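Chemist: Residues per chain are reported as follows:
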Amino acid sequence: MTNRIFSFIISLGLILSVSLDSFAQVDNRNRTVETIIADGLAQLPANSRDTYEKVIDEMAATGQKGIELLAGMLKPAATNQNAPFEYAIDAIVSRVTMPENPNRQSVHDGMVKAIAACTDNTNRAFLLTQLNKICTQADFDAYTSWLNDAYLREFALAGLAHMPGVDSQIAAMINNAPKSDCSLAKLAAFRKLQGVEPTLMKWAAGGCKQAGKALAVCGSKASLPMLAKAAKAEGFTGNATDSYVKLVKKLEDAKAAKAMMSAKMPEAIRCAGLQIYMNAEPKNAVKTAVSALNDKSIQYRTTALAAAPDNAKGQLSGQVIDKFKSFTPQAKTDITVWLADNDYKVADKLIASNVKSDYKPLALASVKALAKLGGEVSLETLISLLDDAEMAQAATDALLSFNGNIKNGVVSALDSSDPKVVEQALVLASTRRLYPAYGKIADLTKSSDANIRNTALKAIAGVARPDNFADLCKRLEAAAPSDRQALQYAACEAIATLSPEDQYKTVSARMSGASDKSLYYPMLAQTAVPEAIAQLYNAYKADGNKAAFEALLSVNSPAMTDILYEIAASGSTDNDRVLNRYIDVVASGSFDPATLYYYYDRGLDLNPSDAVANRFINELSSSRTFPSAMLAAKALDKEATSFAAANTVRNIITKDPSLQQGPEVKEMLEKATAILQRHKDAGDADAGYAINDIKGVMASMNNEGGFSTAAAGSAIDKDAENFELYFDWNGTDAATVNLRSMPLVTLEPGKGITYAGKSIAAGKGWNTVHITMVNDRINVDVNGTTLAANTVIASPAKARGAVSIDGSADAIRNVYYNRMPDTPVFVLSPEEKAQGFEVLFDGRNLDKWHGNTSAYVPVDGNIFVSAQWGGEGNLYTKDNYSDFIFRFEFYFDVPGVNNGIGIRTGRDVTGVDAAYDGMEIQILDHDDPIYQGHPYGYKGLRPYQNHGSVYGVVPSEHIEFGPIKQWHTEEIKAIGDSITVTVDGKVINKCNIREACKGHNVAPDGGSTNPYTVDHNNHPGLFNKEGYISFCGHGSGIKFRNIRVLDLSKKKGKKTRQ
Amino acid sequence: MQESRRNFFKTLGAVGLFTIVPRSVLGGNGRIAPSDQLTKGIIGVGGIGRTSFHFSSDKTCRLVAMCDVDKNHLTQAAGMAKERFGENVSTYGNFLDLINDPNVDVVHIATPPHWHALMSIEAAKAGKDIWCEKPMTRTIGEGKRVIEAVERYKRIFRLNTWFRFTDTFYGLGTEVRPLKKLVASGMLGWPLTVTVSGSTGFGWKFFWVGKENLVPQTVPAELDYDMWLGPAPYKPYHPHRVHQTFRGYWDYDGGGLTDMGQHYLDPVQYFLGKDKELPVKIEVDAPQQHPDAVGIWRKIVYTYADGCRIVLEGEGFESKGKVPYIEGPNGKVYRGFECTIPDVMNKIAELPEPEPQRTDFIDCINTRQKFALNELNGHNSCTLVNLGSIALRLGRRELNFDLKTQTFIGDDAANALIDQPMRAGWSI
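Residue numbers (the working numbering), protein chains in the order written: chain P, 883 to 1940; chain X, 10 to 437.
Hints are all accurate, no fakes.
No more than 25 angstroms apart at the CA atoms, straight line, and that leaves these computed lysine-lysine pairs for PhoX-like:
(1) P:Lys1250 / X:Lys190
(2) P:Lys1340 / X:Lys356
(3) X:Lys308 / P:Lys1537
(4) P:Lys1548 / P:Lys1562
(5) P:Lys1074 / P:Lys1111
(6) X:Lys91 / P:Lys1562
(7) P:Lys1562 / X:Lys80
(8) X:Lys153 / P:Lys1091
(9) X:Lys379 / P:Lys1250
(10) P:Lys957 / X:Lys220
Keep in mind the hints are simulated off the structure, nothing from the lab.
What you are looking at is a predicted structure, and each value in this text was computed from that prediction instead of being measured.
Let the hints inform the model, and build the full structure from the sequences given.
Modeler: Following this line, the structure appears as structure tokens:
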């Protein structure tokens, strides 16, 4: 890969997101329909949106033939394996429904044929459902024939529901039908067909209810008497009535509507009639509404108000305001609500006059209406209600949501002589943050009226700002003990808007002169700065200071995780509160799953009550690791914690497929199911969902392998290669962890956990160590902190060996071990061995390589280029090669992969572009659409950029790779100037690089020192005698394996440079 | 509907005395007289219908009837009603019988969504008030029909998701109310982008995916499968289609998107002030969907005409790093109501409260006032969800929506999904 191509792909990606239309052609690879369909199926469901559209467009372009082929692949539904074909057919059909898709007709024709050829009912129904999306007028006859098929009839009707341009044909079918056909009547209703009314009336008269329903939509005035009769016959309640009402509404028939309003009619019908009538006779709407307001039915009255057309509302409001007194209290209530909902501010005085109505619903509605209307009258009225025994609460609620500013009214109410009014005003001032009221409220905290004093103490926090802090402190120092807490809270609120540092400065300055410093602990706690926390903790440790203890429980800081743990571990008087707070702090932080496990695991060690233990267990759900699941599983056996544990086991295991393995997991899921079943039986529906979830996992999980419990002391595994290990260490007794018989990780008190000279100090309580060893890599983390990640194990490293922990059972607990499969090892064939090939990569390590060993990782026997670990530059052999045969296999894991084999490349590890500082034999998924050119920019790959080309120097013959995710073999033979590239057994490039430069070998400046080639670039390293072999590029998504080389250079005793 | 017993009582009490007699006096022992009490019937007592919030019976509304197409569910639930409330409820296998039971005032619909519209409309016809679970309807067209029926007979309709008026709103960490005030104040500027994602505290429950390759199985004796399907197309029975896993199939619902969509999006619609407005553009990034089984998706973006956007990020495809839940030109609000505007909570407290919402369903029924989340705004937020699922099902990257005609622009296949015909015997 070269930087040029790379940057160009990036810019191309941007262009591509605009339009992909130009990639629709399918024949550019000369594939047959069969091949295109097979290729397409292999790529579905596609892993990217672009691939998906490309594949579907290619498949759709095969048209009739391709669709028939696909439909033919459907197997009988009873042996159902049809998903791949259903995906493909649905995708193709959906795609051709896009406007002006060129393949629509052809795909459509294929669907029609496919249905005719299909014999399985379920599959025919599926295909017909698909055809329904693209059916045309021309299909009408086919559809009518399917109407005679008992199984397909429903699906055909669904197609006819949307078929374009067939209204008259369906109408004719209905009118010519030999007998009543209710499903056609339903179709008529769905399509709102015209010209079928007489037939439908005939059918309806014959007892077809669907025909009656259809008349409501398709009918005219002619149908009214018939529907009215049917409605009457059922007592104006039921389907026929609904059809009648619908038709009356559609026709806006005032006379019929008026009849529906009769007092003898059911309430809902009366209301429907009233609405229709008011709309049909707008001139009478207001009069009708006003008279309806005298009705006994609230539903009828509110309908009258709601049904007033917009242009009649003004007149109606005028009338109801004028005649307000004449209405019943019930109607007055409805009118009040309506006036406020429609924002008739003009009615404020009228509404205000009813706030003390004896009819309570009217009084309450009036209060709410005033808040909605706002304005001075409303505010005054509501404030005046604050002294009303019955209405004060309603008035306060209304003022909280008052439409407008309430400051003036509330602040003056604080001066009221009525203590009730003052109390309500205090609540309002505080809730609405009326800061100018601070002075008055502060004075009221000294009121002789105990109720007012207490309310003012609660209220003052709502209006306190930094300016008020000093005043509040003065009051606090002078306050009675019972008043202190409220004032402390107010002082906290006063400075809450300052930065933590400024808060600390403010509080410290005040504290230094104070005689009782503990008064300031809550404010210190709020700052949450380290100095404040230390001050509080020291005060607590000195003599168990109660105020310091309380303050510590309120500090919001991740630093509290350790302090709270220590307090609980040293045995406070109220451990449950401490641990609850500990959980709050941990749960609100952003910790990774391993750290969460460490925190919750050590917390559970401190003997919490059942309630707190259950909180711990519930919170463990957010740590989806095996040790967390095991910790929860241990709580399954204790009745008090079993339900929380069962839920947590479910949450952890069912949400992480990588944990769904092994007998330990199976056992915990079985136990959890039994516990959840008990709760389900007791009526807890959520437990049913949980069981369902678990059953789904158990049905498909592998019961072998996975993690198992182990112990320190004896060997955990006698001969392991790849594995994952968890354990907890107490932090106080030394121990050594032997990995593949190498004492790689040491645990020492004071020093902590050490790997390769790097240490992490032990945390408080049990420390959780997590080690993964795969091939030549090791990962170590401690309590969620990384000690080693994707690190190549320092040599001399053993490829396999025993796993054990040397340490006492008291120092090590919760040992979980997962042995992973051995890595398949590549060995040379006898022929290659005889020829003298050397294995450069056998699947297990990169010992013979240097450079970017971060992005190039041995995984499952392959070198996998992964973006996970970062890393820059290329991967180089340790040795130099001049003449050689280099053989390997490669695999595109994602579409469009771009890599390359650098040969005879420069000495430097980074900053070398092999295509110029040596040469690069291109590796490229060159048939991916991103390389196929685009009308707005890139013109497509040049032949000298294809796979197998000597990049920029000699083109290769185009090779077809077929679908991605397949292995390909390659050989690069380099002897002097002669380069031969063979892929999958086919020679695609055989050239002489010196001859290839002929004719190009003069640069634009006239110079000819460096090889200047067909790509109009200098390739100064082209004729290097020797150099590294390298993999160029670190974009993810390619795998290599079975890498070997035969060194043909005359020179013996190669030099190793690194 | 007959003159209702409760109204009769109220008229007497109020007109005759002009004072309010405490209900306890009339009923004795703190009980309300049965004639002044509403009654309800639940349709669907398998999953959600049996959870405590829904399966209730109290002073204001008594549970008197239930219906299910699974005899086991029905028997179990009737036993629960007896045990918990001491009620001998009427049990029905056909929902029409429950709806037409004269003892039932309120019909509570707790079935899979493919039934919601049909049952709501039948209940409205019968003069019953309606409590319907979310999502409101499975298609946009069905939602329109529900609005028409509720309007035709002036019923009270409650769509049951509640975050626009109560309860901590997932990742926001508070109720929606302060955010509504903040948005209305204009402090964040305009237009706004709202990101509903695991990284802002809103998970999309991708475990509700369906299964392909279901091998047909025998229908269990206790289940009336034909009635379970009702208006949905006939497909051979498999237990994964029904009961607690139905959300994974397009015929009945639409996976996590439609399960959580209205919970998450209705409050967004509320605080953006878009109860009567729909987006003009829907963009979807998703892997291919199976025609029957619901799959997952990566991203869905709704854009309104004024530039406001709602971005949904699928489970596992969340943006990395700190993502604002709501972002405007002048400020951002993150998960847990962390805001770039200093002292925001105090500033919000100074603002007037939003217009009070009518959230007492029983009171709405008694005063005939619309519930806070009703057929109109409920249909609007349900349509948001359905716009997304239409684009998903057709594999569209983008759909454009015409607000005037309420149809998709230039896409007949998408328009055909607005109104979908029902199976034989069922229509609305």
